[in-house]
Amino acid sequence: MDIFVRDIWVIPLLPLIALVLNLFIIRPLDVAYRDRSAHAGAAHDGHAEHSSSEAHYTAEELIESSYVSALDTIDGHIDTPAAMNHALQTAQKTSGGKQAVALMRQLEQHPEHPHGKPTIYARLAGYVGIAGMFGSFAWAIGALFAMFNNASLQKGLTIPLYNWLTFGSISYHVNFYVDSLTVVMLVVVTAVSVLVQFYSQEYIESEEPRGYSRFFAWLSLFAISMMILTLSANFLMIFIGWELVGVSSYLLIGFLGKDAPKIDGGRPSPSAAALKAFVTNRVGDFGFLIGIMILFAQTGTFTFTEIPQKLQGTDVTLITAAMILVFCGAVGKSAQFPLHVWLPDAMEGPTPVSALIHAATMVAAGVYLVARTFLLFHAYAGPQASMVVAYTGGFTALFAALIATVQVDLKRVLAYSTISQLGYMFVGLGVAGTDGPGMFHLMTHAFFKALLFLGSGGVLHALSGQQNMRKMGGLATKIPLVAFPFLLATLSISGMPFLSGFFSKDEIIAQTLANGDVALYVITVFTAFLTAFYMFRAWFLTFGGKGGALGGLWGGKYRGEVHPHAPGIRIWLPLMLLAIPTVFLGYWGFAPLGGNFNAFITGNPAAAPFGNPFADPMTYVSIALAFLGIGIAWLMYGMEVIPADALTRNPVGKGLHALFFNKFYVDELYMALIRFGIFLFAKIAVSIDKYVIDGIINGIGSGVLGIGRGLRKVETGRLQNYGAAFFGGALIIAAAFIAVVYFGK
Amino acid sequence: MSWLLTILVFLPTVGALAVMAAPRGLSRWLSAVFTGVVFLLSTWLYIGPMLSSGGNAAVFGNVSHPYWVDQAPWINVTIGSLQLKIDYHLGADGLSIFMLVLNALLTFLAVLGSWNIAKRQREYMALLLLLETGVMGVFCAFDLYLFWLFWEIELIPMFLLIAVWGGQRREYAAWKFVIYTVLGSAIMLAGILLLYFNLGSQTGQYNASFGWLATHHVSGNLTILGLTVSSQLIIFLLIYVAFAIKLPMFPFHTWLPDAHTEAPTAVSVLLAGILLKMGAYGLIRICVDFMPSGAHQFAWPLAVLGVINMVYGGLCSLVQSDMKKMIAYSSVSHMGYVILGVAAAVGPGATNPAFKEAALTGAALQMFTHGTITAMLFFSVGVLYDRAHLRDINAFGGLQAKMPRLTWIYSFAVLASLGLPGLSGFVAEYLVYTGSFSTFPILVAVSAFTVIITAGYLLWMLKRSFFGPLNPKWSGITDASILEMTPLITLAVLVLFVGVFPQFLINLLHPSLSNIIQTISGAVTASGR
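Sequence order for the protein chains is A and B.
First residue of the first sequence? That's 25 in my numbering, and the numbers climb one at a time after it.
First residue of the second sequence? That's 29 in my numbering, and the numbers climb one at a time after it.
Treat the hints with caution; some may be incorrect.
Unchecked claim - Straight-line Cα separation of at most 16 Å, EDC-like style, residue types lysine to aspartate or glutamate; simulated pairs:
id: 1; chain 1: A; residue 1: Lys687; chain 2: A; residue 2: Asp433
id: 2; chain 1: A; residue 1: Lys179; chain 2: A; residue 2: Glu330
id: 3; chain 1: B; residue 1: Lys430; chain 2: A; residue 2: Asp433
id: 4; chain 1: A; residue 1: Lys707; chain 2: B; residue 2: Glu199
id: 5; chain 1: B; residue 1: Lys353; chain 2: A; residue 2: Asp713
id: 6; chain 1: A; residue 1: Lys495; chain 2: A; residue 2: Asp541
I should point out that these hints are in silico values taken from the structure, not numbers from a laboratory.
So here's chain B without its partners, still in its complex pose (with noise of 0.2 Å):
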């Protein structure tokens, strides 16, 4: 035991308090220093095996055996026949760390991008050290209870992020956003109470742990409302959810484009870049892993609707005239690269396992994909906002002109939002792509129709707002500085990097996803489908 990953956790937390008892002119520098720490910190979870392993990756292990552990048992009651049990126990294995270093290195940025926030500075940044604990938690409970409190922890600093520092409607935006979530996360806790007691009854050992639920799984039928429905399906899907809202899936979806219109820049960032990520993971890790014939038998309602969520949404973005509604609508278009991924990697076929895992690898790489550049494109906007005070696509025009240092970076963030190669965005796309094809070749084609759209609003807003003439009313506009820029770089030398070389993250991946190709082969084998 390490206790690496406890102070990867609680570190911000500490660091929260730390803010709040320091004198306010400290506020930021704290922060920066606290998520500096943690970014550093997370990063040791990749290197350190990597140094010890000689750079294997094989090293960092699966659910079941992850390199990273801290565990200690907690809560221990019997009722009864009922047993409670609830380990404090946090894990780390290749998909974890990914997510973990990820939130860092957001985090970080989001206390740089947010530098000069006015407004009541001590309390966001406590806020914004409290949400990364929430979301660091989430990526490392190994548990599903300790997984389930957190993804609750996260909840309440965003809430009062967006409802405090919002814009003009952030009462709307943060309330929609909290009942969404809370109706997933209350659905979702049913789900787990569901599963625990039902396997405990089953196998007569009640362990939430990832390891265990990871090889144990529920089987029989379950009875609600009079239909008799396949234990593994219902419990999956009373999961799921709370992970297709934050996904956000079609038609869970509409929370997003008015949290993220409505929050200030730097949330924007952390909850495109993390907390929608949240979901995928969830879906990845737990209900793939956990309900893998459940995964199986919902695989062609998931695929359908990953590809609405890429069409629809690039649908709506192509009509947004509002810069930072269009990028929310890209997310849910982009996000449903995951979503037609997983689908793809559950689905039925299961001819050549290979695709499969190429298309899980590809929905976990546009995880990191949509996180990075997605950052890029809001922190992009927020430069122009802060300038502006407007983010209408149509009021711009010809700023290439007085701002070229963000028209670079913006245009770079745009050109990796639509998938151009050697960026890390086409890596994604090309392996759920071709990775899901054998599986549902008319709906993959069908949705190979958004690499026009995505092509066609991204490039549609730069022209309206970044080339042609200038629009007089700017002429005074002055550029990004550095410390605005800084973030900025820092996403894209690392989208240029996994874009020339994804093999980097592709290993660190391996180990996780090939583990759950083969539990979802065993499951689909032994259903006998």
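So that you can see chain A by itself, here it is in the shape it has in the complex (with noise of 0.2 Å):
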């Protein structure tokens, strides 16, 4: 049993082996397989051309009017496969056979188009991917349980792999480390990353079938990085895996690579999205590597298990300088204030992406840091280190939620939810005097919030991308295997007694009043009645709505235009998988019933477990606003008995409404600064290049030049002409230095 944790390398390998089988032999096939048959369908056009004498120019005028007309006709929606195939029929109907054909070909270079179906080779490495996956959640799994039997194991064990180098006391390791706090993020990554590989078989065949294969290839590849950053046993490793997981949500983000239609308003461009979330998230590991670098001058090593007591004696502000600078890196990858504002236009990228890597895992890789290092935030450095975790993640949370209550876009609302969540665990490892709730809420919080993400994948699979929820409403009626689970997720995130959210969450305000900070319980539980309020809000606008059973819960009247079409069992088995640990996860921390998560994340069986929740009289005050939350919304989304402009009608309310919408300028800000800062020293830069080091050269080269103005025509010189110049020049200019060194004493 022991083997799993021993040999724990093999959960990275099998995706590492799924990647390269799809990159060097199977997307190979797969792209020559497309590109024969597109050929193959070029050559037939050819030979149709040929047989006609005016062919040419007709034909290409012909394609020319009957692609605009076809564009015409669907009135510019030509954002959707959907509305691709639909303006192709439509051509095909209006302009016959050689027409459509021709049509179909521009359509195919349109970089939006779909090109059908995926190949049986993209097929396959979506398999190999999925396999690989399972392979490494069933390796988990197993460590877990042999962690489980062998209680010592959880204490830790070093992998050594190979140096890169030693110099006397200093050296650069690439090992492993897999203690209990590993194995649970382990568990958490491959069980969510198998089911969304699982899920995005069907989601992706709809959404861009051409990049298939691609997109399992970037799968595993962001599944083998988070799985180092999971592994690390030292700060060189973290940060390889961090930035590995930071260039896999990149070219995810950016995977769709076709504009958002204009008419959800102001969305970004993937790419830009793509590059906005790098760049963030590199203003954050500019911190991190600081820390990092204020450590390793310190101690001469980068081993998490050797920083705490080669750090003895060192000063301790310095040792909270570095914590918090490390924290900065969590910031950016977590994305908290300041640094939250890639995580809203990730949303860009496929959901099955924003599910796995901005709900899941990814994004919770900064919690994953605290915890790591949660002795020297804790023990060595000052106290101001946790204050500084706890109070960002407090801000944050508050602050993501107010934004979260008016967005009309079902994915930001999701996306502020996460950013805000991720903030209680930040509170959560602030406060306590352990990494339990932390890591407890971020193992809840993975699963429904990714149950939540695929849900919403499932609405806009649904509705053919219409992310809007003006344009949704009623929609449990209609695909009640996606609405279910959904609403176990929502009960759970808004702390619904019994259900997994509840248990960490309460566990974490606990913590805040316990620790004696009354502002931070404030926060927080202010921010748990706003949770509950802006989820039910988006429940209602997608899945309910004014005429729905239960007073508006379930079904009602549905606001958009495409006919919402049900999804497959390849969308909606994950999504009823997914609702087991949404429902029972939380009873892994609930003490009447043994549970004690506290003891085995952190391997100590003395650990005191989490409070019973329903013991403390404070819980039923959290319970009480969730309630609130939830009955508010009901009132003024589901029955409608209270209308949406109630608060915003007043000046002040109006003005809070455009602040939250507008995510409170903070992208306005950042554009200001970046326009009127760093391009402006850039232009200076560029200026002194150009005026004042030029100008002294271009000064020199025209006397210069004045003198060698015969040796012009270049082209003509001969090799020895030019070999004689520069030697001489150069023998001349030194002779003078030497002379002045000489003779100038």
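Once you've looked at the hints, go ahead and assemble the two chains, each given alone in its own frame, into the complex.
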């Protein structure tokens, strides 16, 4: 059994094999197969053109006109695969065979055109990816149970791989480290990954079949990177994983490579979103890197287990500064204020990616980093370090929740919700004496938030890409297989008792009070109220609404135009499976039933379990607030007895609404800073080059060139002339210099 | 004496003569054969000792005892009290081998990359081969005069390659390159002469071989224009000027954007990939090793200038609209890492020499990293330029749809350039940062800002040119051919391999670099600082 822990490297190896197979064997076959069929089509078409005498010109013109008219018929909405196919059908009806073929070719060249179905090889890439991922998941479960069996394994085990270099007392090791924290994270990562990959088969097939195999390659790349991050034994390895998940995220956000339809208003293009995500993360990494450097300069090691003992006697202020800088990395990766701006934009990536990377796993890496270095934060750095963690988290939780209350884009609501929930985790890590509460919330959140995102993907899939909640409503009766698990997850995140989210969130709220931090208590409990409100607002706007069953909870009036189509099993099955941890996982931390997550994660059997929430009177305050939030949402958006604009009729409400809706104008502020800060410096730098340095050089140059004007026709010049000139020139100047040294005394 | 180094240096010259003698149609084939053979020979420099020693990299030796030596007496004249002794002395330890192989590889790839050059192909190929001789000579000359000779020889073919085969403003760019470089090498020659005669009069033995210079350092002061300065510092500065220009170091860098922009693709590749490394190599091999306390005294300004390079170069890249110019400025930024790493190695606060060696190793790896990755970037831009005859970043858009292969490899190069882990750039940057921090904490923290800017300008460029909706103007553009992809893929494999297993290069460099670190700590201890 222990082999699952000792040979934990199997977990990243399996997706690595899948990635290599995909990139070097399957994907080339996929591309070649696609190219061949495209060529066959083109040759056929060319033949047809040759048979008619005036073919070339006329055909071009016909293609042009029929293409334009086809575009006209569908009123410019050529942004979804469905619309694209619709255009083709229209053309086939209106202009007959040849023009339709021509139009098909035109459409194929259109960058947004989905090239039919994925090839057999593309599907194979998917199967290989899923198989590898499932193997990793099974291995991670094996490791989890090995640790249950043999508690000594929870303490941690270093698995050396190789060494970059060792000079004297310093070394750069590439090592893995596994303890209970690692295993919990690995189970979360592999479980969500395998479900998301399974789900992606259907989602990507309709969204971007051309990129099917590429998509699975990037998912495998992400999985490997995330596992390296999770398994890292030192700051070098975690930074490697850190950057690699960043680049996987970059590649996957920009995956669709087409601009969002303008009808949704002001959405960034996927490529812009990808750029923003990467660069914003780099801002955090800037601090992270400096933090690592401080610790390394003090201790000569990157290894998590060695740093503490080697820090003995180091100035506490320096350690505090180092840990706050390390935390900057977490702020970037986990999208905390003020580096949260990339995550909402990252929603331009395909929805399975949003679920996996931008909700469940990668964004939690910052939380994992703090948990991994928990000892340094709490025992070695001054109390300010933990304070910074807790208050950054608390502020972000509230800040993002306020924004989430007024967004109209379903995925954006979920994105802000993710930011807010990550804030909770940091509060947990900042105030509690162990990393238990924070990691517990990370784990439950990973499952219910993945479920929410995959559910929203189900909605988008059903509505051909519509994300605007104003164009939804009453979908519960139309896609019940998506709606039911989505409702469970909504209840869970809203803090409904007996569901996972309730246990983990309430433990964090309880810890703020236990720590005597009333301000954080008020923030977190108020945010819990907001969470319940905005999540149910989203629920009612999407799935419920006036006229639905149970006062608008289930079904209602549908406001969109697209006919919703039901998803297949590859979409709804992962949702159902995710519903299981969404409901039951919380009991791992429920002491009355023997759950002691805290003891497992800390590797200390004597660690006290989380408090029984039902024994704590303050819990009922949170529960009441959650019900209040749900109730208000129900009245406003379910039964619609309170008009939705009730609060925004007065100027204060209107102003606040604008402030929240525009995300507190942080993006605008940053754009101004970049434009008038960085770019100003850059332009100054270029001017120095152009006018100062080159001014001097051109001055010298014109003198020399004045002499050398006879050499202008360089093409006729002979090699030895230049040789003589360069050598001679150099010798003369050198002689002059020597003369200055010797005779200038 | 194996003659291997001699063959390596002069085989390209033979090749150049053969190309000129043979019919025009054969010139590119002949060049490919010659550079290919040279590349294979150069790999033997690494493989041979590894096989004979059973994989122990210590066998490569250091500047005093290099594994490969070709030596013969050459010039020995005595004029009165002046003795001038120049040996034909080639040598190669780990540091040299590393650069020799890189040069051989990049020149071979440059020939492949110039396969379809139309204008005076024969002369072009011959000049590429001559350039290879010059650069090979620089990297394995173990006599200071010989070094200078090769340094000058390399200049001529490069000047002509830019001036004849360059773009619109090729003459301006070529002359600017020449003015900078000739000025630099003239000052370097003055420094070399000073070093030679001062050391000669101090030790009674006139010798310019590297092994001698590395173990015998100039002492005392020199008076220059009425100012008394330590001889080592003044000689360091005189010789370093040439290297600073080549590197290029702020404020001597402005020749680079022009030369890069105007040079044909393959020449840009060699310019960035190899010629800039001559400056870095000279800094480590000559300036630091022969004038350690001079370098030590100059460590602070050197570090500051290195950081300026990194940040300033990055900022300039941010606002370029010409792709090649942007990459040229990114070279300025990336070469700053080399300067910073070297400055940290010779800098104050020698608490733990291991940090210094990490920094120096990082600087040396950055030479390799920048050479390969920037070569990839230039090759990619070359592919684009051949088709579009444009390099304006904003003129493209959505090329991904039409050029998936090029997008792939270009993105790979961009990610490598911005220091993605798993690729070689990360190893070098990480070593420089973590190794330098204990010496220059504040400066290094400031320089880390570069990681943001680099990601910004590179990915922004990628976004504007390759992603987003396709600019209809380019709907007919074709993807990179197999021939064009060959150099790119070769380099990508190398970058990936070194990124994952950097230890094979680090071990190769270690004997040379640890020797230099010892020299530095010896000198610093002796000077009581």
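Hint by hint, here is what the structure shows:
1. Lys687/A x Asp433/A: Holds. Lysine 687/A to aspartate 433/A sits at ~13 Å (cutoff 16 Å).
2. Lys179/A x Glu330/A: Status holds; Cα separation ~14 Å.
3. Lys430/B x Asp433/A: violated (32 Å)
4. Lys707/A x Glu199/B: Violated - the C-alpha atoms of glutamate 199/B and lysine 707/A are around 26 Å apart, more than 16 Å.
5. Lys353/B x Asp713/A: Holds, at about 13 Å.
6. Lys495/A x Asp541/A: Distance ~43 Å between lysine 495/A and aspartate 541/A Cα, so the pair is violated.
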